[in-house]
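Residue numbers (my numbering), protein chains in the order written: chain R, 452 to 750; chain V, 768 to 1082; chain H, 1315 to 1444.
These aren't lab readings, by the way, just hints derived from the structure by calculation. Glycine included, every Cβ here is placed at the ideal spot set by N, Cα and C.
Restraint-style ranges between C-beta atoms, simulated for each label pair:
#	chain 1	residue 1	chain 2	residue 2	range
1	R	Thr509	V	Val952	29 to 37 angstroms
2	R	Thr574	V	Gly866	22 to 30 angstroms
3	H	Ser1324	V	Gly866	38 to 46 angstroms
4	H	Gly1348	R	His558	32 to 40 angstroms
5	R	His558	H	Arg1377	30 to 38 angstroms
6	V	Val963	R	Glu454	51 to 59 angstroms
7	R	Ala641	V	Val845	52 to 60 angstroms
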Amino acid sequence: MTEAPLDARGLGKRFRREWGLRDCTLTIPEGAVVGLTGPNSAGKSTLLALAGGLLAPTEGTIAVLGRDPLREPAVLAEIGFVAQGAPLYRSFTVAETIELGRRTNAHWDGNLVAEVLRRVETTTRVGALSAGDRALVALALALGKRPQLLLLDEPFAGLDPLAGREFLKLLMDGVAETAATVVIASHVIADIERVCDHIVLLTGGGVRLAGNVEELLDSHRILMGPRRPLGTIRGVSEIVRERYGGRQLTLLVRSRGPILDPSWTVEQVGLEELLLAYMAPERLPTPQPAEKVALRWHG
Amino acid sequence: MAWVTWRQHRAQLIGMAALLVALAAAVVGTNLPIRAAYHRDTLSECLPPTSRAGCDIIVRHFLGQFDGWATALRGLAVLPALAGLFVGAPLLARELEHGTHRFAWTQSVTRRRWLLSKTALLALATVCAAAITSALVMWWRGPFDTLQGRMSPSGFDVEGVVVPAYALFALAVGVLAGLLLRRTVAAMTVTLLVFVATRLAVASFLRPRFEAPLHRTALATDTGRQVGDWILSDTLVDAAGRQITAGREDLAVLHAQQAGIDPHAYLVSVGWKRAISYQPAGRFWEFQLVEAGLFAALAVAVVLTAIWLVRRTPS
Amino acid sequence: MIEFHLDARSGVATYLQIVQQVKEALRLGTIEVGDQLPTVREVVADLAINPNTVAKAYRELEREGLVVARQGRGTFVSNTLASASVRHHEALRAAFERWIAAAEAAGLDDESIRALISSTLRETFARRVA
Chain R
452 MTEAPLDARG LGKRFRREWG LRDCTLTIPE GAVVGLTGPN SAGKSTLLAL
502 AGGLLAPTEG TIAVLGRDPL REPAVLAEIG FVAQGAPLYR SFTVAETIEL
552 GRRTNAHWDG NLVAEVLRRV ETTTRVGALS AGDRALVALA LALGKRPQLL
602 LLDEPFAGLD PLAGREFLKL LMDGVAETAA TVVIASHVIA DIERVCDHIV
652 LLTGGGVRLA GNVEELLDSH RILMGPRRPL GTIRGVSEIV RERYGGRQLT
702 LLVRSRGPIL DPSWTVEQVG LEELLLAYMA PERLPTPQPA EKVALRWHG
Chain V
768 MAWVTWRQHR AQLIGMAALL VALAAAVVGT NLPIRAAYHR DTLSECLPPT
818 SRAGCDIIVR HFLGQFDGWA TALRGLAVLP ALAGLFVGAP LLARELEHGT
868 HRFAWTQSVT RRRWLLSKTA LLALATVCAA AITSALVMWW RGPFDTLQGR
918 MSPSGFDVEG VVVPAYALFA LAVGVLAGLL LRRTVAAMTV TLLVFVATRL
968 AVASFLRPRF EAPLHRTALA TDTGRQVGDW ILSDTLVDAA GRQITAGRED
1018 LAVLHAQQAG IDPHAYLVSV GWKRAISYQP AGRFWEFQLV EAGLFAALAV
1068 AVVLTAIWLV RRTPS
Chain H
1315 MIEFHLDARS GVATYLQIVQ QVKEALRLGT IEVGDQLPTV REVVADLAIN
1365 PNTVAKAYRE LEREGLVVAR QGRGTFVSNT LASASVRHHE ALRAAFERWI
1415 AAAEAAGLDD ESIRALISST LRETFARRVA
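Generate coordinates for the entire structure from the input sequences, incorporating the hints supplied.
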């Protein structure tokens, strides 16, 4: 069994006076497609930059495939990174950008790159491309080295829905071809809900929630019922969110086994709603043990 | 990295080449009439120790005619700085300013290797271009070097091996400035300031002392030139060797004029002499190597600093 | 060739939707035994979904005995669904009994008939799914 694609322990990064990321402990399993989400300035970009060897941690450790990307930069060859805004050299043509990728990477799959960019005119200057095509070029460069870990920072920002869907198709195709583990940071949950089998929710610099999507959805429920003082409810281990509307009380709870209390209407919860509930400030931050997630998906 | 460096800095390298071509054309174009005049007036016969009647006037005429060009040529001392401004400063500053370092540094090349390769290749190009510039200038200044020497700054700064060393130093400072300031315009400004300050400091304080200067005395009336030597100071001293202030000199001249005596003869009769300290022309290459070595060593130190620091850049 | 569609809002897990669509295609006769299912890459490039999801769906279908994965060549339909074939059972059975009678008349004993049947079955299926 090879090392986990990404393993962070107590990872933290301080910029001048503020902490961009604090006490992040996280393990991502091989082959997962992970959605990294949370409000802006939650630390998503910081986490990816630390994983990609662009930043040095202030505290804690980060290991990609068992290696520290700053101390053992050879692991960079296994990491595909698309930074926010898909930075590229605007004066280069697409073909020249591909050439740069070919010459500065250890192993290069020209065929895969050509497939991703089959609808992009390679003689065009990158600066003259649409945002969608630029994103595809950045993606192709990241996939071309056939990485084991693919990191994407807000790849859908600035893309219209059609371009976003095209990007997602080619991304998933590339993942199917390379069997890479993927981490996509996006503050718009809807963009990534379609493809992620794991979710990591970062808020205010810490890991608020992390786990296999199916398991998370299975272990949370919405309870609706008449307003009443709350005691313990059988089958509920924790109340995540309470909402009052007139005489109706709606709870989002973490369940422990089936909830058979007949005074409650029990429903499943959608991913976006679940994440929003964990993000909401009205939820008092109970000291959540930094969850070390042994993420496994069913199957 | 060779291809990447070439492609990214293509415009700068082509600009460098174009500048060299233009310079060569200008050098050849402006120098041919000078050499023609030199030979026509057979100025070679006016060089010490040979001399003939009227040499003084001929030489003065020649210099008067073409000295403007020679002075303009001193402006070429700015050329090495261009390496720092337009090649060195943008190297890191532009990447950091535009965020493309997040692209460049996430391929499979480490930051340090990336920076080292690029800097080394650009340094090579810079040194070659500077060497060609120096050679062109040395050729141009041929007549002037013979007549006036090249030990003084008007010749020293633009000839020989110091020019590539200056360019290397400017490039290095540009790279480090770009890394620290992360903005191209700011890096260019700081590079220029540091370059000028360092050059001035070395030329004013260090170069005169590379080796102990020589001293000689001359009669107050002796206005003979020391061809080729770099005069550091030329002052009047009295019989006891004390320096004579301008005020005292003016007073003495006034006194002589009122008495109807030739001022120069009066100064000699009073026992005043000229004390001259100088660096002889023969030390030219020695000084060139010392100064070039100094700037080259500085350049290396600055580049190594940049390479060491680049890993610590927060992104 | 089957084309999948995904209803993201249906509340049904993606992999189950794929499983259901394959079964439906089988029932309707859109795909038959021996047909190749779209590769994981093809499905993923078309629908923009997680490749693990497709793999999970195909594994589920294999578990149910409807498809078989051939290493390096793809996933192929190996079985039809009972409801489609039940109609034909009576006629097939009668034809089969006539064949056995013909084999006996030709002089084959029980063992030879069994051997002939097994080997023919084997070769025929191997040819179809190759």
